[in-house]
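Going line by line, the protein sequences match chains A and B.
So for the first sequence, our numbering puts the first residue at 1; every next one is plus one.
So for the second sequence, our numbering puts the first residue at 1; every next one is plus one.
These are calculated hints, taken from the structure and not from any lab test.
Some hints could be false.
Pairwise CB distance ranges, derived in the manner of DEER restraints [said to hold, decoys possible]:
#1 B/E151 - A/T12: 35 to 45 Å
#2 B/Y97 - A/K87: 28 to 38 Å
#3 B/R44 - A/V20: 48 to 58 Å
#4 B/S45 - A/S36: 43 to 53 Å
#5 A/L31 - B/E151: 50 to 60 Å
#6 A/E69 - B/V83: 46 to 56 Å
#7 B/D77 - A/F55: 18 to 28 Å
#8 A/K21 - B/Y97: 24 to 34 Å
#9 B/G43 - A/R51: 52 to 62 Å
#10 B/H103 - A/P14: 48 to 58 Å
#11 A/P26 - B/K48: 55 to 65 Å
#12 A/T12 - B/K21: 45 to 55 Å
#13 B/E177 - A/I27: 44 to 54 Å
Simulated coverage check for chain B against chain A, where a stretch passes if three residues somewhere in it have a Cβ under 8 Å from a Cβ of chain A [said to hold, decoys possible]:
#14 23-32
#15 121-128
Glycine residues also receive a C-beta, built at the ideal position from the N, C-alpha and C atoms.
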Amino acid sequence: MASLIPCPHCGTRPREEFAVKGDAAPIRPELDAPASDWHEYLHLRDNPKGRHHEFWHHVSGCRRWLIVERDTASHEIYSITDAASAKQGGGA
Amino acid sequence: MPESPCHIPALAGVRPGRLGKEDGAPGVTLRALPEGLVVLALGRSDRKAVLAATVSVGLAKCSVSDAGFEQWLIAGDMPASPVVLASLAQALAGKVYVSDQSHGRVRIALSGPRSMNVLAKGCGIDFASFTVGTGAMTLYGHLGCHVFRAEETVFHLTVLRSFALALWDELVEAGREFGVEARAL
Ligand SMILES: [Zn+2]
C-alpha cells in the first residue's frame, strides 16, 4: 500500500486516514440491466500489476472520495483527483 | 423520584496536576476547554466569508478554520445559545449550512514548547506548513479529530465527545517524557 496519499484538498497524509474501495473503472449498470452485467460489475475484478485507478475515501480528513492512479507494484502515485468533481467535469 | 438531568462535562473527571517527568518546567500543558460553541459550516464559500458572517453576529471571539473541502469549524468558549445559532444560520443562509456540534464535540488545548512533538507522535500532518490559524481534520492515533493552531505553541483539538477522555489519556501518555501539566475545567 502506498503509505502517503497526496489528497488534493488536505495535502499529503498517511494512508491510515484513508479507506480504499478498489477499482474505479467499473461503471454501474442500468437498474434493469441483465443479471450477468450486475454479476460482472459487483463480483468480477482484474488484479493488475502496474498502473491502476482506485477509489480512495479520505475518511479521517476531508471525507471526499478520490480517484487515485497508483502502481500496484511500486506504490508510486501518478495522479489523484476528487471523484465527484471529476464526474461533474471539473478537476480536483 | 423526579428526574433531574444535569450536564456533566466530558472531561470533568480528569486528574489535574503534574504528570510524567517531574523536574523542570512542563513540556506541555493540557487544558479542558469550556464546552462552548462548536459549529460545522458546509457549503460553496470560503473561510473569509464564513469568518465575516461569524463576526457579524457578535462571535468575533470564535475561531473559524478549515475542516475539509468546503467545510469550516467555528468554535469558541461562549455558550451556544439558540439565539446565537439562529442568527449565525441566518447570516450564512443561501450559501452555507450550519450544523450545531456543541453537544457532540469537546475541545482540548495542548500548549507548551513540546506541544508539536506531542502532536507529531499521533498525527500525520506536516506541521512545518501548519501556520497559526490553520485547521485540519486528521487522526491522532486512531482517533479522528480536528486540529487548530491557535497560537505558535497552542493547539486546539476538537474530538467527538465520547472520545474526549481517550484522546486526553493519549496526549498525557505522549507528553510524559516532556512533563505534563494537566488542568481540569
Ligand atoms: Zn482530504
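How the hints compare with the structure:
1. B/E151 - A/T12: 35 to 45 Å: Between B/E151 and A/T12, where Cβ atoms are some 25 Å apart, the hint is violated.
2. B/Y97 - A/K87: 28 to 38 Å: For A/K87 against B/Y97, whose Cβ atoms are near 22 Å apart, the range 28 to 38 Å is violated.
3. B/R44 - A/V20: 48 to 58 Å: violated, 28 Å
4. B/S45 - A/S36: 43 to 53 Å: Because 46 Å falls inside the window, the suggested range holds.
5. A/L31 - B/E151: 50 to 60 Å: holds, 55 Å
6. A/E69 - B/V83: 46 to 56 Å: At roughly 50 Å between Cβ atoms, B/V83 and A/E69 fall inside 46 to 56 Å, so the hint holds.
7. B/D77 - A/F55: 18 to 28 Å: violated, 40 Å
8. A/K21 - B/Y97: 24 to 34 Å: holds, 27 Å
9. B/G43 - A/R51: 52 to 62 Å: For A/R51 against B/G43, whose Cβ atoms are near 36 Å apart, the range 52 to 62 Å is violated.
10. B/H103 - A/P14: 48 to 58 Å: 30 Å Cβ-Cβ, so the 48 to 58 Å window is violated.
11. A/P26 - B/K48: 55 to 65 Å: Hint violated: Cβ distance 41 Å, outside 55 to 65 Å.
12. A/T12 - B/K21: 45 to 55 Å: Since A/T12 and B/K21 have Cβ atoms about 32 Å apart, the given range 45 to 55 Å is violated.
13. B/E177 - A/I27: 44 to 54 Å: Holds: the Cβ-Cβ distance is about 53 Å, inside 44 to 54 Å.
14. 23-32: As far as the segment 23-32 of chain B goes, the hint is violated, because 0 residues have Cβ atoms under 8 Å from chain A.
15. 121-128: holds (count 3)
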